[in-house]
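Asks: The primary structure of each chain is shown beneath.
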Amino acid sequence: MKTRFILPLAWVLLSPTLPAETSTAATSTPVAAAPDGNTLYRTWTDTQGRKLEATFRGIENGQIFLQIRSGYVYRLPLEKLSPADQAAAKTLKPEGLGIPADPHLAQAAAQIDVLVNAGLAKAGQKPNPLASDEQFVRRVFLDLAGRIPTREEALEFLNDPSESKRAKVIDRLLSSPGFNSHLFNYFSDMLRMSDEAQKARFYTYQDWFKSQLADNVSWDKIVYRMMTADGKLLDNGATGYLLRDAGMRLDNLSLTLSTFLGANVACAQCHDHPFADWTQHQFYEMAAFFGATETFGARGSPKRANARAMRQVIASLEDRRLQQSAKNLLRVNALAVEDGPENDLKLPHDYKYTDAKPGDPVKPKLVTWSDDKAKKAYQGVQTKSEEDLRSQFAKWMTSPDNPRFAMTIANRMWKRIFGLGVKEPVTDLDDPSSSVNPPLLYHLSHEMVRLKFDLKQFMRLICNTQAYQREATSHEMSDGAPYLFPGPILRRMTAEQAWDSCATLVVGQDVDKYHEHRGATYASAMNIDFGTDAKPEELVAKIEKAVATMRSFGGKNGVAKNAARRKRRMRLMETEGEDLATSPPVRDGLVLARASELPQPERDQHFLRMFGQSDRQIADSNSEEGSIPQVLMLMNGEAQRVIGSDGSLAVRTAAEQGTAAQKVESLYLSFLSRKPRAEELKNAVAGLESGLTLRDLTWVLFNTREFIFVE
Amino acid sequence: MNLQNQLDPISRRAFCERWANAALGVTVLHGLGIRSSDAAGTAPANPPSGPGFGKAKNVIFLQMIGGMSHIDTLDPKTGPTQGPKAPIGTKAGFQLGGTMENLAARADKISIIRSMSSKTGVHASGQYLIRTGYEQRGTIQHPNIGAWAQHFKGPSHKTLPSSVCVNRQPQSGNGFFPSSFAPLPILDPDAGLQYSHSDATPEQLIKRLVLLDQLDAGFRQRFQTSEVKSYTQFYDKTVSIMSSTDLEAFRLTEEPDALKEKYGRNKFGQGCLLARRLIEKGIRYVEVAKGGWDMHNNIDDGLEEHGAELDVALSALLDDLSERGLLESTLVVLCSEFGRSPRLNGNGGRDHHPKVFSTLLAGGGVKGGFVYGASDKEGMSVADKQATPQDFLSTVGWSLGLPVDEVVMSSSNRPFTVGDKGKVVLDVFA
Chain P
53 MKTRFILPLA WVLLSPTLPA ETSTAATSTP VAAAPDGNTL YRTWTDTQGR KLEATFRGIE
113 NGQIFLQIRS GYVYRLPLEK LSPADQAAAK TLKPEGLGIP ADPHLAQAAA QIDVLVNAGL
173 AKAGQKPNPL ASDEQFVRRV FLDLAGRIPT REEALEFLND PSESKRAKVI DRLLSSPGFN
233 SHLFNYFSDM LRMSDEAQKA RFYTYQDWFK SQLADNVSWD KIVYRMMTAD GKLLDNGATG
293 YLLRDAGMRL DNLSLTLSTF LGANVACAQC HDHPFADWTQ HQFYEMAAFF GATETFGARG
353 SPKRANARAM RQVIASLEDR RLQQSAKNLL RVNALAVEDG PENDLKLPHD YKYTDAKPGD
413 PVKPKLVTWS DDKAKKAYQG VQTKSEEDLR SQFAKWMTSP DNPRFAMTIA NRMWKRIFGL
473 GVKEPVTDLD DPSSSVNPPL LYHLSHEMVR LKFDLKQFMR LICNTQAYQR EATSHEMSDG
533 APYLFPGPIL RRMTAEQAWD SCATLVVGQD VDKYHEHRGA TYASAMNIDF GTDAKPEELV
593 AKIEKAVATM RSFGGKNGVA KNAARRKRRM RLMETEGEDL ATSPPVRDGL VLARASELPQ
653 PERDQHFLRM FGQSDRQIAD SNSEEGSIPQ VLMLMNGEAQ RVIGSDGSLA VRTAAEQGTA
713 AQKVESLYLS FLSRKPRAEE LKNAVAGLES GLTLRDLTWV LFNTREFIFV E
Chain A
336 MNLQNQLDPI SRRAFCERWA NAALGVTVLH GLGIRSSDAA GTAPANPPSG PGFGKAKNVI
396 FLQMIGGMSH IDTLDPKTGP TQGPKAPIGT KAGFQLGGTM ENLAARADKI SIIRSMSSKT
456 GVHASGQYLI RTGYEQRGTI QHPNIGAWAQ HFKGPSHKTL PSSVCVNRQP QSGNGFFPSS
516 FAPLPILDPD AGLQYSHSDA TPEQLIKRLV LLDQLDAGFR QRFQTSEVKS YTQFYDKTVS
576 IMSSTDLEAF RLTEEPDALK EKYGRNKFGQ GCLLARRLIE KGIRYVEVAK GGWDMHNNID
636 DGLEEHGAEL DVALSALLDD LSERGLLEST LVVLCSEFGR SPRLNGNGGR DHHPKVFSTL
696 LAGGGVKGGF VYGASDKEGM SVADKQATPQ DFLSTVGWSL GLPVDEVVMS SSNRPFTVGD
756 KGKVVLDVFA
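Going down the list, the protein sequences come from chains P and A. So the numbering used here is basically just the index in the first sequence, starting at one, shifted up by 52. So the numbering used here is basically just the index in the second sequence, starting at one, shifted up by 335.
Treat the hints as calculated values from the structure; they're not laboratory data. Among these hints, one or two may not hold up.
[Unchecked claim] Residues from chain P that face chain A, not an exhaustive set, calculated with beta carbons under 7 Å:
| hint | residue |
| --- | --- |
| 1 | 526 |
| 2 | 544 |
| 3 | 675 |
| 4 | 679 |
| 5 | 680 |
| 6 | 684 |
| 7 | 685 |
| 8 | 690 |
| 9 | 730 |
| 10 | 732 |
| 11 | 735 |
| 12 | 739 |
| 13 | 756 |
| 14 | 758 |
Every residue, glycine too, gets a C-beta built ideally from N, C-alpha and C.
Using the sequences and the accompanying hints, generate a full structural model.
Replies: Dropping the structure here:
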């Protein structure tokens, strides 16, 4: 979408016959609201007599910000306006979201608001009022940085008188480490990034993915790299995506299509889709692009190099346990991706349709959707040569012209902060016209392409819309009525947001400091060159070293299997000196690091799992539901104890305050990013006077619905 | 702990206003997913019928983790594949594995399916299959029978959950149903329900709860969404569990020592005792897991420990249920992800063997002293009347009175049935 062409046309000399402007905001037409919902249009005149019809967004540092109908926001020195307008500006209340960071961004955000508002208007609905600063700061921290703001961060925002503070905090959070951590959690759930799979640790995959996010690599590139990665898991973490399902090519493809392209194909793996257009044959044609790809025993792995020699070495080991470890080591080293010379995909033995026979070889062929007019993605795709089948597929899949790739990730990112996709479920975009607002969905897709799949810029865009910055929807949607985004929906925090917020209450913003990197250690210990000339003694030494390293990673999920041993280890960690960058603080057995730096998934009884973190086995399966064990954990578990302990930052800060009322206010700011209302303050102070302590008060605030929901 | 008695009059009034409904069980239960016909108490239009249908009100689902050797337990062989102990005869006319001494004396109470067969020899996927009837997929989670029962019949108790799992994680047993259908995990039967004790004194806890109610009232008022309401209900239910006598359901300390001895002083034995206690208190579906069956090495040692524990606990459970008159209304089943290879390997152990294995059913309208199907002479393959995990689970669902043919759509709009269209093994019912 072009944004610049409007510039030269914007200042227009209005006909002198028009009635002179009045101080009561002359609107040109009676109804038309501004693109993002502002209403008070007014004709502004500069010192040269040029006129501009615009709404007033605010004044900062002698600059006035005016938004025209297209959404573009002009910034000009106040003194350039006519004296009458200068005077008027000083009396006007700024409309909308304050001063935006960048005029083009404001315009692009306004375009989205136009479409959202049009969808609402069509259904006779109105958008929600704009969210208060208190609501906004907590929401934007949770949505962009993945945790609540600390008391200080909340106060800094709330006390900032600047008209541009919303735009500024968005930009600040986008470049904070929390942004990557939070985004990693999302993809860890979507891509099932479990620490353990195929009897190996997928640490290199996680580290690689984190590095892509840290470098803000665009989404199309990240996906292309995963689809086309070669080599051993230990050497190239990007292979992790395909190796996660090593030996299960069809399952992997089914997930690839639904996750990245919103193609609802799960059924077509086994039979023609009963409702959608997908046939089983089409599914196999797509799978044929991976028909030459080997995910087990590729070149450079022991299977190829010198399997017999290795087996002999292993057999020569006398220690049974060492022998077993050596076998595991072989297996880990065999995890690799490589393209062979031949597409060997055949139809299944129970293929029952008449267009082909069971066991027939399948030629690769790309699917098309009925509405894809942009055929560019399909051009130049080579399916005759069997080389590079995978990269042909990846090129088509991640092309800006692919009819679903941009739309799928745009819809997913929208859902992350609005609580619902424009089209649900996000894994089924086969029919975009059945979404609640098709023009919006297509527009978001185009914006994703315009922003070159830069997820940070896309989040920046949608966070700057009025739609996002409105109050959360408070009333229950009537059954089946489509949600048209009068504002974000009220959402329960994700497991990771809740956990990271708990850690923030105890540690403060330093919680973002610790970063886990296990990939390099793991790879260097496990990666063995199974060359033909390696001597048995050398191999034995290497195997022993690898086994020792494995032990340091502990048992399942990276923690010692034995609970007592784990506790002992934790206690040890608690007594050791704390440098937050090298080792996270440990309290009551809880490692207070961001969820993204903890085992994927955490152990079953951990706060994260009990609060809905997925087991990283099923795609997109984080849960936002409650349960009795979960509430028992919230009321009586370790987290509430650690948060309410004397050493916790929230408690320490509150304790430093003078009066009971100030202490209550301090805790409210820490937990809920707002000051208590009069009635709440009265009740809380009365509680403290009747014998409750600050620890009790933390328990109470921690257990409110308000704490675990995102307004 | 009775919270209400600890209160001064003012606090008690405030407490009662908020929680009386929950404690009295008046609270509307989490209604998601319960069919309206059940909620209204009307029966489906065409209820299935046949032998054994709906005879069981409760199910105790004993899952042996690791692959229980069929030859050494329920399907003994003589000859080259015989295990460390010779088979034992029973008065029911069939034999049991040498380690099943106690169970042999109760053969008249059990039915055995000896022709089970599954396609997977991998632990995790086999365990998933025998628990849900479905193959494990990366796109959806399938419910266990307890969740299916809650879907069709509603909750089984006013305050307590309808499903519990003992000695195991819930592992999303609710499947695609709401998480309130998930089994409540009891990881250590002796310790009971995790986090059920507050670290505050009762008086302090009441004060906290009253203040919590006050401080959160505004938010609850503003956001009357189903998610917020359902959380409030979970809090109500949890508080009422903590403050009511219901929590006793999870306390094995209430059971006499002599009975604890009878079940065996180990996690599985105590887990079976807890299962009986929970069934008695109105919990419909209890899973009890027992590990240790992956006997690749020295199977005789393994059987001596784990075989004996199973034998003792299962026998005590059958006796106990029967003495309390609960066996007719309680289906007890025993299963595992697969059997073990008939031939011993080089390490004196047996390896994975999904081709044929056995399951056991008792109570809940099931015949006593009955064997369905057969393996061949060596215990290698099915010789007669093959039954799949789907058939087995459909049979469990049938016994509970679930409409096993009824298709239920998941939220992703895919069709599922109890036991994935398995065939009910009607022969096992009296």
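Asks: With chain A as the partner, please determine if residue 690 of chain P meets the hint condition of a C-beta pair closer than 7 Å.
Replies: 9 Å, violated
Asks: Would the hint on residue 685 of chain P stand, with a C-beta cut-off of 7 Å toward chain A?
Replies: 5 Å, holds
Asks: Against chain A, run the beta carbon of residue 739 of chain P and see if the smallest gap drops under 7 Å.
Replies: 5 Å, holds
Asks: Can you verify the interface hint for residue 680 of chain P: is its Cβ closer than 7 Å to any Cβ in chain A?
Replies: 5 Å, holds
Asks: Close enough to count: is the Cβ of residue 544 of chain P nearer than 7 Å to one in chain A?
Replies: For residue 544 of chain P, the interface hint holds, since the closest Cβ of chain A sits about 6 Å away, which is under 7 Å.
Asks: Should the interface hint for residue 679 of chain P be scored as holding, given a Cβ-Cβ cut-off of 7 Å against chain A?
Replies: 5 Å, holds
Asks: For the hint on residue 758 of chain P, does the least C-beta distance to chain A fall short of 7 Å?
Replies: It holds, given that the least Cβ distance between residue 758 of chain P and chain A is near 4 Å, below 7 Å.
Asks: Using the nearest Cβ pair, does residue 732 of chain P come within less than 7 Å of chain A?
Replies: At about 5 Å, which falls below the 7 Å cut-off, the nearest Cβ of chain A leaves the hint on residue 732 of chain P intact, so it holds.
Asks: Take the shortest C-beta to C-beta distance between residue 675 of chain P and chain A; is it under 7 Å?
Replies: At about 6 Å, which falls below the 7 Å cut-off, the nearest Cβ of chain A leaves the hint on residue 675 of chain P intact, so it holds.
Asks: Taking 7 Å as the limit, does the beta-carbon of residue 756 of chain P come near enough to a beta-carbon in chain A?
Replies: 4 Å, holds
Asks: The hint names residue 730 of chain P as touching chain A; please verify it with the least Cβ-Cβ distance against 7 Å.
Replies: 11 Å, violated
Asks: Do the numbers back the hint for residue 684 of chain P, that is, is its least Cβ distance to chain A under 7 Å?
Replies: Where the cut-off is 7 Å and the nearest Cβ of chain A is about 4 Å from residue 684 of chain P, the hint holds.
Checked against the numbered hints listed earlier, the structure breaks hints 8 and 9; every other hint is satisfied.
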